[in-house]
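All chains, please: the whole structure from these sequences, using the hints.
FYI, the numbering for the sequence shown is -20 to -1, 1 to 485, going by mature numbering (1 follows the signal peptide of the UniProt record, and there is no 0).
Bear in mind the hints are in silico, worked out from the structure with no lab data behind them. Hints may contain errors.
What the hints assert, rightly or not - Below 25 Å or equal to it, Euclidean Cα-Cα: the simulated SDA-like pairs (lysine to any residue) are:
#1 Lys40 x Asn207
#2 Lys44 x Val56
#3 Lys44 x Gly81
#4 Lys44 x Tyr284
#5 Lys44 x Ser89
#6 Lys40 x Arg62
#7 Lys40 x Glu77
#8 Lys40 x Ser70
#9 Lys40 x Glu269
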Amino acid sequence: MTTRASRTRLLGVSAVAALAAAGVAGGSAAAAPATASTGSSATTVADGEGSFLVLAPQGKGTSKARDRVAAAGGTVVADYARIGVLVARSTDAGFAERVRGAGVESVASTAGLGTLLDEESTTSVDAADVAAATGDPTGEPLYSLQWDMDAIDVPEAHAVTTGDADVTVGILDSGISSSHPDLRDQIAYDQSVSCIGGVQDTAEAAWNPTTSDHGTHVAGTVAAGLNGVGVTGVAPGVKVAAVKVVTDEGYIFPEAAVCGFMWAAEHGMEVTNNSYYIDPWQFNCRNDERQRPVWQAVQRAIRYSSQQGVLNVASAGNANVDLQHTFIDSGSPNDGSAPVEDRTINGACVVLPGQAPGVVTVSATGPTQQKSYFSSYGQGQVDVTAPGGDARFRSGGATSNAADAILSTTYNPATGANGYGYKQGTSMSSPHAAGVAALAISAHPRLTPNALASFLERTATPLPCPDGVYNPTPALGDTYEATCTGGARNGFYGAGEVNALAAVD
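This is the structure in structure tokens:
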């Protein structure tokens, strides 16, 4: 086995193992710069410095706000008039102050607001390990390595339905490899887009991955095809749409997330998966004027998408913190844009989009249906749980068993090779829940987003709190200690682990 460095994490954690499947390779898809496209008034932009969210009072339109942007010397690059949000550009340091006034409710710079992908080690697995895998019961060659599918009764659900091809799950992430043999026939090409810079670009090259295979891995968990190649997804009969919100540098800027939710709303998606958080401030505090406009804009976009029939599913996070209670965040901002601050996190502070109203928040479990050591939790904060992996850290960064993580589709941006590999994190649990939601809406097409969210909870398998203080990694000290509160619905697992069979039966 060999190791190499790889950028593979948004809300995935720990080491991952990549399986280079024999005969599975594809050419690389070069990224194109963001350009004007459908759905909004847009101009070619670069993301990051000089970008602003400008919010108009809801229901009042954006014309007055556009005039103020122009008067302040800025340029509108995206206009989401239905929710009263503009994305503007200006290199003038005084722009934010001058744009405030009649017709503008709030404004915030988004420079430096984003989550940088971390570096991880990747362990290569030779072809003999791949060849030794068996496909029973799905016929997929690597199915025997997918413990997560058995955990939520996916094979039994597939006997009822594999999902409806008219159902689309939007993957708000780093892009999806359109050359991957397990995904190329699963992609809704006419519903895919890049939202980098808050500007919509439908060119295939723009929404393919360029520096990260995170979105490709997530997409495989949702809908890798039943085609006798590689792995299966939870809902291989549905489509996935690439909604690229991650820059080449690994940032998820708020304007890209707003664009993604609006695109999903206006392009007929039933479900979105969101395995990320916005902002270098891991917790976005509504009582901080630097962060409040981000909260407002994202919440407006999520609410609008729900009104248009979209259920948004998101990761709870990998900080192993109790989201219900006050604690100290000593790691933000995490992108080097400003000195790290010690902040008291209270009820005014949330993880976006995971803790936004109307979003299904998903924690993670391992092969034994216990909370993954890294998964955040919280009574009333977690709605459901799903397999996310639990390969424990050991000395030197290695894991006790990479197969305790989640196997799915991968893509190597450097070589253009497609393959299969292990990752873990609430990034991986969320797409399991999104896949089950896609199966449920396929079987019960009249469910509204709120009814579908409730249905996921009602059909979940309840998991009880472990006794006492939960410490799954005693060899690592007390780093991952956590206390579960609640009864049948509790802080670790919410209503329980999603169940594909119950959702379609």
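Outcome of the hint check:
1. Lys40 x Asn207: Cα-Cα ~50 Å, so violated.
2. Lys44 x Val56: holds, 12 Å
3. Lys44 x Gly81: The given pair, whose Cα atoms are some 10 Å apart, holds under the 25 Å limit.
4. Lys44 x Tyr284: holds, 21 Å
5. Lys44 x Ser89: Holds. Lys44 to Ser89 sits at ~19 Å (cutoff 25 Å).
6. Lys40 x Arg62: holds, 9 Å
7. Lys40 x Glu77: Between Lys40 and Glu77 the Cα gap is close to 21 Å, so the pair holds against 25 Å.
8. Lys40 x Ser70: Distance ~24 Å between Lys40 and Ser70 Cα, so the pair holds.
9. Lys40 x Glu269: Holds, at about 22 Å.
Comparing the model with each earlier hint shows a violation of hint 1 alone; every other hint is respected.
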